[in-house]
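Visitor: What follows is each chain in one-letter form.
Protein chains: 2
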Amino acid sequence: MMTKRPSQAVNPSQKSELIDDLWSPRVITEMNDYQFKVVKIEGDFVWHSHADTDEAFYVLKGELRIDFRDGSVALGPGDIYVVPQGVEHKPYAAREVHLMLIEPKGVKNTGDEGGTLTAENEVWI
Amino acid sequence: MMTKRPSQAVNPSQKSELIDDLWSPRVITEMNDYQFKVVKIEGDFVWHSHADTDEAFYVLKGELRIDFRDGSVALGPGDIYVVPQGVEHKPYAAREVHLMLIEPKGVKNTGDEGGTLTAENEVWI
Chain P
717 MMTKRPSQAV
727 NPSQKSELID
737 DLWSPRVITE
747 MNDYQFKVVK
757 IEGDFVWHSH
767 ADTDEAFYVL
777 KGELRIDFRD
787 GSVALGPGDI
797 YVVPQGVEHK
807 PYAAREVHLM
817 LIEPKGVKNT
827 GDEGGTLTAE
837 NEVWI
Chain H
717 MMTKRPSQAV
727 NPSQKSELID
737 DLWSPRVITE
747 MNDYQFKVVK
757 IEGDFVWHSH
767 ADTDEAFYVL
777 KGELRIDFRD
787 GSVALGPGDI
797 YVVPQGVEHK
807 PYAAREVHLM
817 LIEPKGVKNT
827 GDEGGTLTAE
837 NEVWI
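Top line first, the protein sequences correspond to chains P and H. Residue numbers for the first sequence follow the numbering used here, so the first one is 717 and each next one is one higher. Residue numbers for the second sequence follow the numbering used here, so the first one is 717 and each next one is one higher.
Isolated chain P, as found in the complex:
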């Protein structure tokens, strides 16, 4: 019963301020086989999809647009959007935006697309 528990809460907005690089998700905590990550982005990401999982976006700071082949969705601070499994999407931020991502461990940021923006996984902050 006395599983080890974290000694204190974690604040994703504070964590995201510590990140140096754009497009480089950092893990902040875990829940079962899922991870909470923070990431800073600006500009256009690559079109990609995740064949095996949904992916939750939560905006910490700034304005995010997620483009789809059939439209787009706008998110402001405190908004959540869950991109369904298999749906092609492309995050876009006109100015720097800080996000929290929630998704299963091991999900690659560029999904099935790969390429130079593919980030290392399992980097904690």
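If you're looking for bench data, these hints aren't it; they were derived computationally from the structure. Misleading hints may appear alongside valid ones.
One copy or two, either will do: identical chains are not told apart, so a pair holds if it fits within one copy or between any two.
[Stated by the list, open to error] Computed cross-link-like contacts, DSS-like style, restricted to lysine-lysine with a CA-CA straight-line distance of at most 27 Å:
1) Lys720 <-> Lys806
2) Lys806 <-> Lys824
3) Lys806 <-> Lys777
4) Lys824 <-> Lys777
Starting from the structure of chain P, add chain H where the hints point.
Guide: Relative to chain P, chain H alone:
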């Protein structure tokens, strides 16, 4: 590939303002077999644990304390804490607090304890 996707983002803080009852989680969106819920609480909940899953708490508004048998953790707005599977805990709020919970579908709010504070599941807002 063209799985149905939500038409727009959801804002947990706005959703939590719509809730009438304390201790009654409301589902706002889903990710794979997980749900995002919002809940308003005030006062003491019951001691309980979840044998099969971790449970993530995210504070939208107010101050939350989570009591454990060996201490407690304080959370303010924007803080996250993941209670590990099997660990007894008791949420407490001196004044009304709005939370987002992230956990697998079907998790009972009172865990293995049950009792009068057990809420209906699968109520959306």
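Visitor: Of the numbered hints stated earlier in the document, which are not met by this structure?
Guide: Failing hints: none at all.
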